[in-house]
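Number of protein chains: 2
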Amino acid sequence: MSDEPTKILLSESEMPRRWYNIVPDLPSPPPPVLHPGTLQPVGPDDLAPLFPMALIEQEVTPERYVDIPDEVLDVYKLWRPSPLYRAHRLEKALGTPAKIYYKYEGVSPAGSHKPNTAVPQAFYNAAAGVRRLTTETGAGQWGTALAFASAQFGLECEIWQVRASYDQKPYRKIMIETFGGVIHPSPSELTAAGRKVLAEDPDSPGSLGIAISEAVEVAAQNADTNYALGSVLNHVLLHQTIIGEEALLQMAKAGVAPDVIVGCTGGGSNFAGLAFPFLREKLAGRMAPTIRAVEPASCPSLTKGIYAYDFGDTAGMTPLMKMHTLGHGFIPDPIHAGGLRYHGMSPLISHVYELGLIEAVAKTQKECFEAGVRFARSEGIIPAPEPTHALAACVEEALRCKETGEEKVILTALCGHGHLDLPAYGKFLAGDMVDHELSGDAVRAALAGLPSVPA
Amino acid sequence: MSDEPTKILLSESEMPRRWYNIVPDLPSPPPPVLHPGTLQPVGPDDLAPLFPMALIEQEVTPERYVDIPDEVLDVYKLWRPSPLYRAHRLEKALGTPAKIYYKYEGVSPAGSHKPNTAVPQAFYNAAAGVRRLTTETGAGQWGTALAFASAQFGLECEIWQVRASYDQKPYRKIMIETFGGVIHPSPSELTAAGRKVLAEDPDSPGSLGIAISEAVEVAAQNADTNYALGSVLNHVLLHQTIIGEEALLQMAKAGVAPDVIVGCTGGGSNFAGLAFPFLREKLAGRMAPTIRAVEPASCPSLTKGIYAYDFGDTAGMTPLMKMHTLGHGFIPDPIHAGGLRYHGMSPLISHVYELGLIEAVAKTQKECFEAGVRFARSEGIIPAPEPTHALAACVEEALRCKETGEEKVILTALCGHGHLDLPAYGKFLAGDMVDHELSGDAVRAALAGLPSVPA
Chain A
1 MSDEPTKILL
11 SESEMPRRWY
21 NIVPDLPSPP
31 PPVLHPGTLQ
41 PVGPDDLAPL
51 FPMALIEQEV
61 TPERYVDIPD
71 EVLDVYKLWR
81 PSPLYRAHRL
91 EKALGTPAKI
101 YYKYEGVSPA
111 GSHKPNTAVP
121 QAFYNAAAGV
131 RRLTTETGAG
141 QWGTALAFAS
151 AQFGLECEIW
161 QVRASYDQKP
171 YRKIMIETFG
181 GVIHPSPSEL
191 TAAGRKVLAE
201 DPDSPGSLGI
211 AISEAVEVAA
221 QNADTNYALG
231 SVLNHVLLHQ
241 TIIGEEALLQ
251 MAKAGVAPDV
261 IVGCTGGGSN
271 FAGLAFPFLR
281 EKLAGRMAPT
291 IRAVEPASCP
301 SLTKGIYAYD
311 FGDTAGMTPL
321 MKMHTLGHGF
331 IPDPIHAGGL
341 RYHGMSPLIS
351 HVYELGLIEA
361 VAKTQKECFE
371 AGVRFARSEG
381 IIPAPEPTHA
391 LAACVEEALR
401 CKETGEEKVI
411 LTALCGHGHL
421 DLPAYGKFLA
431 GDMVDHELSG
441 DAVRAALAGL
451 PSVPA
Chain B
1 MSDEPTKILL
11 SESEMPRRWY
21 NIVPDLPSPP
31 PPVLHPGTLQ
41 PVGPDDLAPL
51 FPMALIEQEV
61 TPERYVDIPD
71 EVLDVYKLWR
81 PSPLYRAHRL
91 EKALGTPAKI
101 YYKYEGVSPA
111 GSHKPNTAVP
121 QAFYNAAAGV
131 RRLTTETGAG
141 QWGTALAFAS
151 AQFGLECEIW
161 QVRASYDQKP
171 YRKIMIETFG
181 GVIHPSPSEL
191 TAAGRKVLAE
201 DPDSPGSLGI
211 AISEAVEVAA
221 QNADTNYALG
231 SVLNHVLLHQ
241 TIIGEEALLQ
251 MAKAGVAPDV
261 IVGCTGGGSN
271 FAGLAFPFLR
281 EKLAGRMAPT
291 IRAVEPASCP
301 SLTKGIYAYD
311 FGDTAGMTPL
321 MKMHTLGHGF
331 IPDPIHAGGL
341 RYHGMSPLIS
351 HVYELGLIEA
361 VAKTQKECFE
371 AGVRFARSEG
381 IIPAPEPTHA
391 LAACVEEALR
401 CKETGEEKVI
411 LTALCGHGHL
421 DLPAYGKFLA
431 GDMVDHELSG
441 DAVRAALAGL
451 PSVPA
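Going line by line, the protein sequences match chains A and B. Going by full-length UniProt numbering, the first sequence opens with residue 1, and the numbers climb by one from there. Going by full-length UniProt numbering, the second sequence opens with residue 1, and the numbers climb by one from there.
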């Protein structure tokens, strides 16, 4: 075994003090977000009912760096800097000459990268005098993170969880309540949006689109209440760049630079968080990694979607964002990587993809879980279903190196543990997991429902 | 907030290279373990059918230190050295002048301190040519640890889990299988002991005693198979001392010495792991901490049991050990801290307690979960039910300091996370948790069944 340490650690005093905004470093800016009624770019006033001004400013800032407030750094220190691992044991199991590194975000209170943005969002809202945050959650990672973050700044946190997940994943609900959050199954009787759905279908299993509508409705109608979103938007990606900034320092400590970076993409915040600081270095000519997004084959917005203006939610209530999308009416198959079941891709990642700065591949569910089990048995961490997509691509690259003899340096984002996703592993181990075929008809139908926006 | 870091970390190169054996430092040696038939001290040959000679030697070694093999250190590096936290946010929530530190073992692959001994046990067995390990598990922490450790050294691992837990905690079973372990509900049709129980009661919920019998039977009958135990024995406590050795280095880095050390006790391995290296320092006059064991009020072997020779298992198949016991026939109430539901206490801890070197207190379940929720909301980690006992005693001590104004330094062992124990938190938060009264009659009846051993 190598003398190189298994974990490359940073001390708290080495933790980056700034988030990185990639926009000013890109050859062209991303297209503006449009008001769905006027089709004109949205301004701060359009967003003020839902978000505090500090976050609205971060959404459109032209600055390359944004200082992280001390109060946020203090909470980050509960788990940050997060470890970078050299996967000695996985390399040995694969028999590859490649060097594999993974940045592990499962050490956070919620068990994923989500608190990186939940904490500043709670901080800025509390600083603006907000009393309560609302949000939606699907599988529950984001809801857990926001409940924890709210507790740190004395905010109430109210969460609408998609009914089907609420019933199937009781552990998540309890974790949210343990952190002090209030959780409702969605659709609920608490909102007009929820009541409307229940009137039509009392047994509705809910959807992320409905849950968003409920959370937004409550925030919009109460002056002391704001709404928080866990991915997609620029300020969310900004907060996540602390992952990549740390990884840059850690790779430098290890004396290596990545040849290949792979990360999984749902809304895109984890991928951008790791990749954007490295992309800055690449654009500046200081390193030359291949950067590869990995998406689920059943929800492949980058590899099979189109680049067009679309709504962020299923119901069509949000502003229009130019992004890679399968159509806001597209309902992905019920794969276990709930965090990747999103019809669109972050506008900023979509733009970077259009510019040819990153690649994308799609992976099927069973290949991903096979990589997840292999990883658990060698490295001792059971990954969440989402990052098994990154691991599958990582294994593929490492086995390619085994054939060619290349000693490539591969860096991947292990964005969370799978402790609350064990039933999915049970299904895989029992041979009961299926790979859904993507329906071309369903994609065509959803894309036909795209809003019409003149070029 | 203090400038002192939240996490006091050690690099892998600072990790201790030796385990600590407290026996030679005690004013008198612990009483011998006796053969139940002859009532004579057991020798190596009595234990050889179940354990490899390296572990039998460690069980009785007169040496103060035992070198940790390189192969074990390599696996430890997946999560060790574990972090020592300064609980800034808990202190603030309590308004105490006390300084609270906790050593966190939940970062391990199994989520608890158990892999500290599972890894060397698997290593020594593999080195001795053993092909398979068997064990029992209750709640599942130990089974998970041994499954993970076995995978690291190419061993098969077969686990009998108490039927009631097997049915109630499916996540643990899946975690064990993900690490490659084979798990059976106990009683099973696979052993004579299991078949006997099932013949009498086909719906038997099982017990730890039955599960031990099944695992031991398979190990005893197969030359290529050994048995592994997760607590109680000297060599298990020895392996766990890496916790305290690291904590000593970390407290020194922080420039403080503990005034009070609190840890929870079931079989005692986590408590001894943290406390024994500090007790060495105390015996040598280099520091003077009060060392306090915290046990559940419904299973208080130290505070309500007697010090006598008793069997380690319910069925009465093991050698006789002199220990604090409630009687091997005592069945503790079904509290959620499954890891503390053991009728006896490690002989070595019992001996140290008899010598007056440590204190003991008992805590009721609801007080413990209240401390657990308070801890989760301030520190971001949801503790396993077992260490909530230590946290409850920690909170009690910190609030005492608040009254007196004393700035005591409190050190505690947070031996695992509670991700797979969330239903217990759900019960507590819903107000459905009960505190069981300890039945004096049940204890008297169990103590009446103690084996007769002439003084």
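There's no promise every hint is true.
Note that identical chains are pooled: a pair holds if it fits in a single copy or bridges any two copies.
Pairs of lysine to any residue residues, derived as SDA-like cross-links and limited to a Cα-Cα distance of at most 20 Å, are as follows [unchecked claim]:
1. Lys408 with Ala445
2. Lys77 with Asp435
3. Lys366 with Asp435
4. Lys92 with Leu73
5. Lys196 with Pro27
6. Lys169 with Ala252
7. Lys77 with Pro5
8. Lys92 with Phe153
9. Lys169 with Gly426
10. Lys77 with Leu9
11. Lys322 with Ala455
12. Lys408 with Asp70
13. Lys427 with Pro97
14. Lys7 with Asp70
15. Lys7 with Asp74
16. Lys77 with Leu10
17. Lys366 with Gly180
18. Lys427 with Pro185
If you're looking for bench data, these hints aren't it; they were derived computationally from the structure. None of the values given here were measured: they were computed from a predicted structure.
Verification of the supplied hints:
In this assembly of identical chains, lysine 408 and alanine 445 lie within 20 Å of each other by CA distance neither inside one copy nor across copies; the values are 42 Å within and 67 Å between. In this assembly of identical chains, the alpha carbons of lysine 77 and aspartate 435 never lie at most 20 Å apart, being 40 Å within a copy and 36 Å across copies at closest. In this assembly of identical chains, lysine 366 and aspartate 435 lie within 20 Å of each other by CA distance solely inside one copy; the values are 6 Å within and 45 Å between copies. When the C-alpha separation of lysine 92 and leucine 73 is checked against a cutoff of 20 Å, the pair qualifies only between copies, where the shortest distance is 17 Å, while the shortest distance within a copy is 37 Å.
With identical chains, the CA atoms of lysine 196 and proline 27 are never at most 20 Å apart, being 46 Å at best within one copy and 76 Å at best between copies. For a Cα distance limit of 20 Å, the shortest separation of lysine 169 from alanine 252 qualifies neither inside one copy, at 40 Å, nor across copies, at 43 Å. For the homomeric pair lysine 77 and proline 5, the shortest alpha-carbon distance between copies (8 Å) is at most 20 Å, but the shortest distance inside one copy (22 Å) is not. Taking the shortest Cα distances, lysine 92 and phenylalanine 153 sit within 20 Å of each other only across copies (13 Å), while inside one copy they are farther apart (45 Å).
Taking the shortest Cα distances, lysine 169 and glycine 426 sit within 20 Å of each other both inside one copy (14 Å) and across copies (13 Å). For a Cα distance limit of 20 Å, the shortest separation of lysine 77 from leucine 9 qualifies both inside one copy, at 13 Å, and across copies, at 12 Å. In this assembly of identical chains, lysine 322 and alanine 455 lie within 20 Å of each other by CA distance solely inside one copy; the values are 11 Å within and 84 Å between copies. In the homo-oligomer, the alpha carbons of lysine 408 and aspartate 70 never lie at most 20 Å apart, since the shortest distance is 38 Å inside one protomer and 28 Å across protomers.
Taking the shortest Cα distances, lysine 427 and proline 97 never come within 20 Å of each other, neither inside one copy (32 Å) nor across copies (50 Å). In this homomeric assembly, lysine 7 and aspartate 70 come within 20 Å of each other (Cα to Cα) only across copies, at 17 Å, whereas the closest approach inside a single copy is 26 Å. Only between protomers do lysine 7 and aspartate 74 lie at most 20 Å apart by alpha-carbon distance; the minimum there is 11 Å, versus 23 Å within a single protomer. Taking CA atoms no more than 20 Å apart as the test, lysine 77 paired with leucine 10 passes in both settings, with 11 Å inside one copy and 16 Å between copies.
For a Cα distance limit of 20 Å, the shortest separation of lysine 366 from glycine 180 across copies, 17 Å, qualifies, whereas the shortest one inside one copy, 36 Å, does not. In this assembly of identical chains, the alpha carbons of lysine 427 and proline 185 lie at most 20 Å apart only when taken from different copies (19 Å versus 25 Å within one copy).
Checked against the numbered hints above, the structure breaks hints 1, 2, 5, 6, 12, 13 and satisfies the rest.
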